[in-house]
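**Q** Chains E and Y supply the protein sequences, listed in that same order. When you read off a place in the first sequence, starting at 1, and then add 14, the result is the number in the numbering used here. When you read off a place in the second sequence, starting at 1, and then add 2, the result is the number in the numbering used here.
If you are wondering where the hints come from, they were derived from the structure by calculation, not from laboratory data. Among the hints, erroneous ones may be present.
Beta-carbon label-pair distances, calculated as ranges [unchecked claim]:
1. E:R211 x Y:P312: 33 to 41 Å
2. E:R211 x Y:G254: 51 to 59 Å
3. Y:G183 x E:L296: 48 to 56 Å
4. E:S343 x Y:L319: 38 to 46 Å
5. E:F69 x Y:E272: 56 to 64 Å
6. E:F124 x Y:P312: 33 to 41 Å
7. Y:E230 x E:P221: 41 to 49 Å
8. Y:R273 x E:F124: 39 to 47 Å
9. Y:M318 x E:T349: 43 to 51 Å
10. Y:P256 x E:P174: 31 to 39 Å
11. E:S343 x Y:G183: 58 to 66 Å
12. E:P90 x Y:S204: 16 to 24 Å
Remember, it's a predicted structure, so these values are computed and weren't measured experimentally. By construction, the Cβ of each residue, glycine as well, lies at the ideal position given by its N, Cα and C atoms.
The lines below spell out each chain.
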Amino acid sequence: MGRRVSDRTAKLEETDGDAGAAETTYAEAIRRALRDAMAEDESVILLGQDTALGFPFGATRDLVERFGAERVIDTPISEAATMGCGIGAAVHGLRPVVEVDYAGFLLLAFDQLVNNAAKLRYMSNGQLRVPIVVRVGQGPLGAFAAQHSQSLQGWLANVPGLCVCTPATCQDAYETMRWSLRQGDPVVFNEDMRLYRSRGPLVEREPSGGTEARVVRPGRDATAIVFGYGVPRAHESAAVLAAEGIELEILDLRFLSPLDVPAIRRSIRRTGRVVCVSDDPLLGGFSATLATIATEQGAGFLESPVVRLGARHTPVAYDRELEKLTYPSSESLATAVRHLVAGGATA
Amino acid sequence: MTTGEATLDARALNLELYRSMLAIRRFEEAAYRAYESGEVVGTIHASIGQEAVAVGVISSMRPQDLVFSHHRGHGHALAKGVKPEQMFGELLARAYGASGGKGGSMHITDVSVRFMGSYAVVGGPIPLAVGVALAAQRRREDSVTVVFFGDGAINQGVLYESLNLASIWRLPIVFVCENNGFAISVPTSYATGGAGVTARASAFGLRAEQVDGQSVSAVRAAAAELIEGARSEGRPALLEALTYRFVGHSRGDPAHGLYRTKEELDQWRERDPLIVHREEAGLDSDTCDAIDSETTQSIDDAFDIARAYPRVPQDMLMRDVWGDA
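Isolated chain E (complex conformation) (with noise of 0.2 Å):
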């Protein structure tokens, strides 16, 4: 099996020997984990279409090269049996990566993903495993339209027995891929497609934690929870508003499931003031269980009520304005932490 790889592969920029705490960029954090991690343990293989070419976002790219076609396979376009056949190959002795390159597109998987992966250690009374990761491009890529285009991290944290990570730095990308792999059960790692091109620097090194949520700014005046593309904007609101005297604290969450509950609650007492932030609409949105957590947690230490900031009830719209006014923005949290801090409840 297998098919031959076109030699354009083969042409591709050569970055195994790049390593260190040089700047790379996020897709290319993830191509050296799964690297790593395939170096590491052969039970290791990727599924999913355009694999081996690497396409769209170059994280697999010249991994067929180094692993064979044996270990790094092309799937045809057949979503729902790819994530079947990944979780079948996983309770059988390997560990697939599954890869959807659009949420959207995971749709078609879900059922597979809902009602085998995610349960079927609970039925089997722990007699099967599903040590499998599911790499999920989620948000706008940049006026790609409503089907490309979708923020599905909430519905995935709301599905028990599925692990929901949401990487927000090269070095956290690689370090959680990392740490993915070597879990006994499903997680499902969510790319911010935003997120591909950003740079940071990478030391590829052994996952440093866990599942805990990450103070990646202290701040006394609020606390934005943020996570994914979330983290970069939340840092822009927060140099903005560094320069007029506020001082914004950004909890990087890592994971939406588990939920670091602890962290947001140290977080919200030392602040006493706090934004949530998701980029699914509003209405059942991840903001909604964020908001609520908040305000249990922070009952008695909260200086206003919890503010949430998320989507628009509206599929995303190809035009680039439309799409921007869609989502939360740096600015539109800017503002929510003024308001909070000059004592108004309202965003």
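With chain E held as given, fit chain Y onto it using these hints.
**A** Here is chain Y on its own, set in the frame of chain E:
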């Protein structure tokens, strides 16, 4: 019945096939009684009338081979070697049950005999079986995976995605369609365009055969060839067994009167797999009666064994969800 290549002589084999089918029949009758009495809750889907398919296919498999099943899966589990007492335990929600009382009739799993579970989303386990076959191929295992599904699954898209994957990767897998003519109440003939599931499988490049699902010998012969072809030549295959359930879909519908006629049911009852096998194998009634009383007793004993165990404890609620929990 144990799986594995029979080295028994023909008569001993035929008696064993009979005993295995009868055990399924008596198990499901006892399960039904326990459901009626309220001891078994939820729902159960009996395969009474279809036993020759489970026994015919699985008796052609080797111990290392793997089976995936569906909501009407008691027969497959028993034929693969799951203990009837642990199956009753599951139906009775005992921690002793095959799935610890957390799966129930539709989710029986016993990895120790490579019974990889029964699944309740129609067509859902089919790609899982493909994945197990892929892993077996990559790990150079000498195993074949069989996945059972009903005619209700043959209009699910994931079946065809799965047939295609098995074909392009030449996986050691046999898809077994138990065509009992109805998906609950909807006739297969109404629901299925074209020439049916074997023609569809052929179009994907699989070997595909249709067999009389009431004759355990016929099923066994067809299955053995396809399974060994999958094993030695990497030729995935599909077997369609024509059969009939002598009972309703579940406990909510009658055997006839709603969507099937009594005449049709009676015609199929004449081809009860137990009767067909007695005739085909020339088994005498004294021997069959003796097997029946032994089997009935052992099934009754299995029920009593299971019932004596305690219910699944409450601290199992959050166990085996994810990670260390």
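**Q** Now look at each hint and say whether the structure bears it out.
**A** Hint check:
no. : hint                        : result
1   : E:R211 x Y:P312: 33 to 41 Å : 58 Å, violated
2   : E:R211 x Y:G254: 51 to 59 Å : 56 Å, holds
3   : Y:G183 x E:L296: 48 to 56 Å : 50 Å, holds
4   : E:S343 x Y:L319: 38 to 46 Å : 43 Å, holds
5   : E:F69 x Y:E272: 56 to 64 Å  : 59 Å, holds
6   : E:F124 x Y:P312: 33 to 41 Å : 37 Å, holds
7   : Y:E230 x E:P221: 41 to 49 Å : 46 Å, holds
8   : Y:R273 x E:F124: 39 to 47 Å : 41 Å, holds
9   : Y:M318 x E:T349: 43 to 51 Å : 49 Å, holds
10  : Y:P256 x E:P174: 31 to 39 Å : 37 Å, holds
11  : E:S343 x Y:G183: 58 to 66 Å : 59 Å, holds
12  : E:P90 x Y:S204: 16 to 24 Å  : 19 Å, holds
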